[in-house]
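Going by this note's numbering, the sequence shown opens with residue 3, and the numbers climb by one from there.
Derived by calculation from the structure, the hints in this document are not laboratory data.
Fair warning: there could be bad hints in the mix.
As the list claims (entries may be wrong) - Quick list of simulated restraints, FRET-style, between CB atoms: (1) Ala49 - Asp101: 28 to 36 Å; (2) Ile148 - Ile83: 28 to 36 Å; (3) Ala38 - Pro100: 47 to 55 Å; (4) Glu105 - Asp19: 37 to 45 Å; (5) Glu56 - Lys123: 17 to 25 Å.
Said to hold, decoys possible - With a Cα cut of at most 30 Å, we get these calculated DSSO-like pairs of lysine-lysine: (6) Lys123 - Lys135; (7) Lys123 - Lys63; (8) Lys63 - Lys112; (9) Lys63 - Lys128; (10) Lys123 - Lys44; (11) Lys65 - Lys123; (12) Lys63 - Lys135; (13) Lys135 - Lys44; (14) Lys135 - Lys112; (15) Lys65 - Lys128; (16) Lys65 - Lys112; (17) Lys112 - Lys128; (18) Lys128 - Lys44; (19) Lys65 - Lys44; (20) Lys135 - Lys65; (21) Lys112 - Lys44; (22) Lys63 - Lys44; (23) Lys123 - Lys112.
Since the structure is predicted, the reported quantities are computational estimates derived from the model, not experimental observations.
Every residue gets a Cβ at the ideal spot worked out from N, C-alpha and C, and that includes glycine.
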Amino acid sequence: MNALTPSSHQPPGNPVDAILLRHFAEICESLDLPPAMFQQAKERYEALGRFLCEPTNPLSKLKPNIYPQGSTRLHTTVKPIFGDEFDIDLICELSATPDQSVETIFNEVKAAILSHPAYAKMVVIKNRCIRIKYAAEFYLDVTPGIPDRPYGPEN
Numbered sequence: 003m004n005a006l007t008p009s010s011h012q013p014p015g016n017p018v019d020a021i022l023l024r025h026f027a028e029i030c031e032s033l034d035l036p037p038a039m040f041q042q043a044k045e046r047y048e049a050l051g052r053f054l055c056e057p058t059n060p061l062s063k064l065k066p067n068i069y070p071q072g073s074t075r076l077h078t079t080v081k082p083i084f085g086d087e088f089d090i091d092l093i094c095e096l097s098a099t100p101d102q103s104v105e106t107i108f109n110e111v112k113a114a115i116l117s118h119p120a121y122a123k124m125v126v127i128k129n130r131c132i133r134i135k136y137a138a139e140f141y142l143d144v145t146p147g148i149p150d151r152p153y154g155p156e157n
């Protein structure tokens, strides 16, 4: 349900406005990431997080924490214009030290994900993220990062 769903507003006085509002709400809902697919994506990125935290995974020493960002975090993910796959943006926050280069951090996360036989078949390396594609459903764009402590804990 989105902000335009007619039940969330007082009905407009003009019947034409009510019809337009209902159609506009239906269009918006048809573009939303379906709740069942959002739940499935959540289960999959949580599974990735558990894998990265396994004691046998070299990345576990950096205490990876995977969480959504952008439209996924705000629950405003919309159907793509081209293709059928939804884009699920994630952060893989690590407790790495700031003296590690961005490239080093990226490569460590990439190597950890590629070490899993199932993920290795689904990975596409992008400039700033590691993409895990679930065909005809969605893809998880995993962006490695470390907190920027001098600017506060939220950065």
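Subject >> Unmet hints by their number, sorted upward, for this structure >> reply: Of the numbered hints, 3 and 4 do not hold.
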